[in-house]
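Colleague: Position chain B against the provided structure of chain A, taking the given hints into account.
Chains as they are written, first to last, in my numbering: chain A, 6 to 319; chain B, 4 to 317.
These aren't lab readings, by the way, just hints derived from the structure by calculation. Just so we're clear, the structure is a prediction, and the values are computed from it rather than from any experiment. Just so you know, not all the hints are guaranteed correct.
Calculated pairs, BS3-like style, for lysine-lysine (alpha carbon to alpha carbon, straight line, at most 27 Å) [what the hints assert, rightly or not]:
hint, chain 1, residue 1, chain 2, residue 2
1, B, K191, B, K163
2, B, K294, B, K128
3, A, K90, B, K52
4, A, K156, B, K211
5, A, K90, B, K211
6, A, K156, B, K313
7, B, K314, B, K164
8, A, K156, B, K294
9, B, K211, A, K162
If you only want the chain A side, here are some residues facing chain B, beta carbon under 7 Å, derived [what the hints assert, rightly or not]:
hint, residue
10, N36
11, N46
12, Q50
13, M140
14, G286
15, N287
Virtual Cβ for every residue (Gly too), placed ideally from N, Cα, C.
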Amino acid sequence: MLKKLKQSQFPERNLVIILVLLIVVLSIASNRFLSYNNIMNLLRQTSIIGVIAVGMTFVIISAGIDLSVGSVLAFSSIIVAMLMKAGVPIPLSIIVALLAGTSLGVLMGILIHNGSVPAFIATLGGMTMVRGAVMLISGARKISGLPPEFKHFAVAKFLGIPGMVWVWFLVIIIGFVIAKYTIFGRNVYAIGSNEEAARLSGIKIGTNIYGIYAFCAFTSSIAGILMTTRLGNGVPTSGTGYELDVIAAVVVGGASLSGAVGSILGTVLGTIIIATIRNGGNLLGINPFILDILVGGLIVFAVLFDQLNKKNNR
Amino acid sequence: MKKITLLLVILAMMVIPVFAGGQQEAAAADGATEIALIIKATDSGFWQKVIEGGKAFDADNADVNVTVYGPASEADIEEAIGILENVVESGPDAIVIATNAGEGAVPAVENALSQGIPVITVDTKIPTDVTSHLATDNVLGGKLAAQAMVEFFEEYGIEKKGTVAIVAAVAGVDTIIERDGGFIDELKVLAPEVTILDPRYVDNDIAKSMTTAEDLITTYDDLIGIYADNNHTGDGVALAIEQAELQDEVMVVAFDDDEDEIIALQNGVIKTLIIQDQFNMGYSGCAYAMKALAGEDLPSFVDTGVKVTKKEDL
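Bound conformation, chain A alone (with noise of 0.2 Å):
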């Protein structure tokens, strides 16, 4: 009783435990796992996947799926990095950068919305036509020669911290609170329920909509300016294959695919889960097909395991 009552109000428990036991086990098994500079590195490098799984945590509890973000990463890589390339001042090019991408989100949730096209296939299509738009604008080619300054934020550290995950954090708190403390956090739950009974309840759907693919747009588009400084180059085929990463991340973190289900805490934990077994894997030299293996199965095990809790409280 008392179990079960924990595992419903603390629905992260089981992450944190398996998190905790991989910290032990990897911090046994390998020397260097709790040493600052592997701290980092391990923080460095989810970063990027980390924030575009907080925009895609709102649109799995919508019932909804984008798999446009790793195309749109690429986008606002490319264009901060041409117009910077172009002379606009860093800022500048920050900000046309990130609202471009995010415009790219408003026009999905239109599709999805006006067009009642199933957000699957508008995000597929918009994958592919945005991954086009890339190569088209950029001869597929790398765009290098960024200012200094800009390629130094990769490397900047605040507090010891690198300034990358500062903004992972910044955006976690952001969509931690979005989530739990304002009205469209929780039209977003209610769409992800039961769309037509939110509908009923007065919620405007398609003003939600925009908002939460626009939302994910976002981030995506903020993990392209990552990107782009930590490679110190425009790289038109960044990204490609992250929407799987990201979907997976959340999806570990307790997030359902039919929606309503979900939370920023449990995707950021699922992030962190998945990145330290591949950095554990790298320490130790453990084979990447082996790593892959492992990361897929805790996929499944993570839903597994959700839906056997279900049946069991039933």
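Modeller: Chain B alone, transformed into the frame defined by chain A:
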């Protein structure tokens, strides 16, 4: 109904110019010898130089028309095969091709050969008899890389005892296997006490090669060298070494010469670049195609050569 008609009209308006454009191009090329130049990826500076070589041959020969094809990323093997099949179907006079598809490219290439279309492979072999193969001697290139690394161990007073890592572009491709094999064999002879790690494969992704290099730096205290076996791995490794400020402790030797690698060479982050003659691959590839069409007997392998380039050689 009206809406559907309208949609169809709009769609037709979008599609017709595309086809019309294609036909014009085909008409303009009438009478000229059509050479299809198929490259591995459009996103990398390396292949852009192969394209430059092909275009230069086009410009030098009024009766030759060189058309370039290729997927965006080297990892898109499936797409590369599709492109090759389409090119063979379009019936050019000769094909000059670099592909990672290996066995997968064989049916289409044999189909072309059986139609009397000469096929010249550049850079990477495919497992069938083609008209001629022009490439870098990759085993030799790998050996030269090992020699360069050992020279720098001596120059920096590093004992030939620690760990040397290989960051490899893709798994299962002959070019890469030969480069790594040549490097490993030569390093074993020149520095027998060095531990050489198994190659870490990074899907030719700059972000992944950077992450891998960061993890290698954290894991191995006695890391004294990293060998990056193409341009994207070179870019990623250079970023990681630069950020960790380890250019005096870890000797980096890389293949190829894209813009960022040259900058890293100037900054002393990469110690030596093994530079292939890509322009020559594109130019001579087309020249050999013309020879084949003229009925000349061609050697089965032509070495296009490498240049061992240090900072002072720039």
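Colleague: Now, for every hint given, state plainly whether the structure supports it.
Modeller: Hints, verified against the model:
For the hint linking K191(B) to K163(B), the alpha-carbon distance of about 11 Å falls within 27 Å, and the restraint holds. This hinted pair checks out: K294(B) and K128(B) have alpha carbons roughly 20 Å apart, not beyond 27 Å. With a C-alpha separation of about 22 Å, the suggested pairing of K90(A) with K52(B) holds against the 27 Å cut-off. Between K156(A) and K211(B) the alpha-carbon distance is near 18 Å, which keeps this suggested pair within the 27 Å criterion.
As the CA atoms of K90(A) and K211(B) are separated by approximately 25 Å, the hinted pair is consistent with the 27 Å bound. A threshold of 27 Å between alpha carbons decides the hint, and for K156(A) with K313(B) the separation of about 25 Å falls inside it, so the pair holds. A threshold of 27 Å between alpha carbons decides the hint, and for K314(B) with K164(B) the separation of about 25 Å falls inside it, so the pair holds. With a C-alpha separation of about 48 Å, the suggested pairing of K156(A) with K294(B) is violated against the 27 Å cut-off.
Among the hinted pairs, K211(B) with K162(A) is consistent with the structure: their alpha-carbon atoms are about 22 Å apart, no more than 27 Å. About 10 Å separates the beta-carbon of N36(A) from the nearest beta-carbon of chain B, more than 7 Å, and the hint is not met. Annotation: interface hint on N46(A) holds; nearest CB of chain B at approximately 5 Å, less than 7 Å. A hinted interface residue such as Q50(A) counts as satisfied when its beta carbon comes closer than 7 Å to some beta carbon of chain B; here the least separation is about 5 Å, so the hint holds.
Given hint, M140(A) at the interface with chain B, holds; its Cβ is 6 Å from that chain's nearest Cβ, closer than 7 Å. Checking G286(A) against chain B: minimum C-beta separation of about 9 Å lies over 7 Å; hint violated. Evaluation of the N287(A) hint against chain B yields a held restraint, the C-beta minimum of about 4 Å falling below 7 Å.
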